[in-house]
Amino acid sequence: MPKIKVKNSIVDISGDEMANVIWDKIKTDLILPFLDINLLTFDLGIVNRDKTNDRVTSEAAEAIKKHKTGVKCATITPDDKRVKEYNLKNKYPSPNGTIRNILSGTIFREPIIINNIPKFVHHWDQPVVLARHAFGDIYKSKEIEIRKKGKVFLKYESDDKKEIIEEEVYKFESPGVALSYFNVDDSIIDFAKSCFNYSLKRKLPLFLSTKNTILQKYDERFKNIFDYLYKKEFKKKFDTEKLSYQHRLIDDMVACMMKWSGGFLWACKNYDGDVMSDLIAQGYGSLGLMTSVLQSPDGRILETEAAHGTVTSHYRQHKKGLDTSTNPIASIFAWTRGLTHNSNIDKNDALKKFATNLEKICIETVQNGKMTKDLALMVGPDQKWVNTNEFFLILKKELLSLN
Numbered sequence: 001m002p003k004i005k006v007k008n009s010i011v012d013i014s015g016d017e018m019a020n021v022i023w024d025k026i027k028t029d030l031i032l033p034f035l036d037i038n039l040l041t042f043d044l045g046i047v048n049r050d051k052t053n054d055r056v057t058s059e060a061a062e063a064i065k066k067h068k069t070g071v072k073c074a075t076i077t078p079d080d081k082r083v084k085e086y087n088l089k090n091k092y093p094s095p096n097g098t099i100r101n102i103l104s105g106t107i108f109r110e111p112i113i114i115n116n117i118p119k120f121v122h123h124w125d126q127p128v129v130l131a132r133h134a135f136g137d138i139y140k141s142k143e144i145e146i147r148k149k150g151k152v153f154l155k156y157e158s159d160d161k162k163e164i165i166e167e168e169v170y171k172f173e174s175p176g177v178a179l180s181y182f183n184v185d186d187s188i189i190d191f192a193k194s195c196f197n198y199s200l201k202r203k204l205p206l207f208l209s210t211k212n213t214i215l216q217k218y219d220e221r222f223k224n225i226f227d228y229l230y231k232k233e234f235k236k237k238f239d240t241e242k243l244s245y246q247h248r249l250i251d252d253m254v255a256c257m258m259k260w261s262g263g264f265l266w267a268c269k270n271y272d273g274d275v276m277s278d279l280i281a282q283g284y285g286s287l288g289l290m291t292s293v294l295q296s297p298d299g300r301i302l303e304t305e306a307a308h309g310t311v312t313s314h315y316r317q318h319k320k321g322l323d324t325s326t327n328p329i330a331s332i333f334a335w336t337r338g339l340t341h342n343s344n345i346d347k348n349d350a351l352k353k354f355a356t357n358l359e360k361i362c363i364e365t366v367q368n369g370k371m372t373k374d375l376a377l378m379v380g381p382d383q384k385w386v387n388t389n390e391f392f393l394i395l396k397k398e399l400l401s402l403n
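Numbering follows this note's numbering, with no gaps: position 114 of the sequence shown is 114.
By construction, these hints were calculated from the structure, which means they are not laboratory data.
There's no promise every hint is true.
With a straight-line Cα cutoff of 27 Å, these simulated DSS-like cross-link-like pairs (lysine-lysine) come out [as the list claims (entries may be wrong)]:
1) 352 / 25
2) 27 / 347
3) 51 / 319
4) 217 / 242
5) 242 / 203
6) 237 / 65
7) 242 / 25
Keep in mind that this is a model prediction, so the values were computed, not measured.
Sequences and hints are given; from them, build the entire structure.
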C-alpha cells in the first residue's frame with residue numbers, strides 16, 4: 001500500500017499519562033502506516049519539562065512557528081500535589097500558555113457532533129465554535145484586601161511623567177476588596193484578526209460579545225477594534241463568502257446561543273470564554289468530543305490538541321496492566337485538523353482527503369454502535385462498549401478498507 005507523501009514537516013508534541021499512551025497509538029496505528037511524513041517530536045511530558053527546566057516548551061513553540069503546523073498531546077500543568085508526586089524542581093506554568101504567548105494565537109474550541117450521542121441542548125445540530133481572548137483581564141489582575149476606611153484610586157503615569165490620569169474608584173467605609181485589570185490594543189487586534197480569519201476558513205458567521213453598555217471605555221475598545229478591522233480588511237471577504245459579523249451584548253448573546261441551533265463562531269473576552277467554553281462542551285455532551293485549535297492572527301500557523309486532560313485514572317489502570325476504554329476521538333481530531341492545515345500549506349489533496357476520511361470513520365464507527373465506555377454511558381444502560389485497543393482496531397480496519 002503506497003503511503004501519502006507529506007512534504008511539510010509537522011511538529012509532534014508528546015504529553016503525559018493516558019493521553020500520551022493514546023497519542024502514541026494514534027501515530028502507530030492511524031498515521032505512520034498511511035503517511036510518509038516527517039514528524040519533529042518534542043517531549044513535553046512533565047518529567048522532560050523538569051529535566052530541561054521547561055526549555056523544551058519554548059523550543060516546541062519556536063518549531064511550530066517555523067514549520068506552521070503543530071499537533072499536541074494533553075500535558076500536566078503541575079499543582080502542589082503533582083510537584084510532590086513527580087519530585088519536580090519547580091511548579092511549571094501551563095505549556096499551552098507558553099506556546100500561546102510565543103505564537104500570539106487565539107484558542108478556538110469546537111464540538112465533534114455525533115448523531116447518536118445525546119446532547120444536553122438537543123437542538124444544537126451544528127457546532128458553536130468558541131474563540132477565547134486568552135490575555136489580560138482578571139487573569140493578569142492585581143487585587144487587594146481593604147481592612148480600614150479609605151479610598152482606592154486608579155492611576156496612570158506616562159514614562160515621561162507628562163501625563164497623569166487618576167480616578168477615585170471607591171471610598172471604603174468598611175472592609176472589602178478591590179481589583180484592577182487591563183488589556184492592550186496589540187493583543188485585541190491579534191485576537192480580532194485570528195477570529196476573522198478563522199471565520200473565513202470555517203465559513204461561519206462571527207459574533208463578538210462584550211458588556212460595552214457598562215464598560216464604556218474597556219469593552220468599547222474591543223468593539224471598536226473589531227469594527228475597524230472588519231470594515232478595513234475583512235468586509236469584502238465576508239461579503240464574497242456571504243458571511244456576517246455582528247457585535248452583541250454578552251447577556252443577549254448567551255440567550256441567542258441557547259435559542260439557536262449552532263453554526264457560528266463566538267468571540268469572547270477572556271473570562272467569558274473560560275466559562276462559556278465548558279458550558280458549550282457540556283451542552284454538546286462531552287469534553288471527550290471537543291477539539292482545541294490555536295491559530296496565529298494571520299491564520300498561517302496552527303497548533304491543535306484535544307480539549308480534555310491527561311486521563312489520570314485510566315493511566316493508573318493501564319500501569320497495572322488492566323484494559324481501559326479510553327476515548328481517543330478528540331486526540332485523533334487534533335491530528336486530522338493539523339493534517340488538514342498542513343495539506344493547505346502543501347496543496348496536498350490526498351492528505352486532505354485522508355484527514356477527512358479519518359474524521360468520518362471516527363464518527364461513523366460510533367454511529368454504528370462501536371464506542372468507548374464514556375460515550376456508551378451517555379447513550380444508555382443497554383449500549384455496549386469496546387476497550388481502547390478494540391476501538392483502534394476497528395478504526396484501522398476501516399482506514400485500510402479505503403486504501
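Hint-by-hint comparison with the structure:
no.: 1; hint: 352 / 25; result: 21 Å, holds
no.: 2; hint: 27 / 347; result: 22 Å, holds
no.: 3; hint: 51 / 319; result: 22 Å, holds
no.: 4; hint: 217 / 242; result: 31 Å, violated
no.: 5; hint: 242 / 203; result: 9 Å, holds
no.: 6; hint: 237 / 65; result: 26 Å, holds
no.: 7; hint: 242 / 25; result: 41 Å, violated
Consistency with the previously given hints fails for numbers 4 and 7, ordered from lowest to highest.
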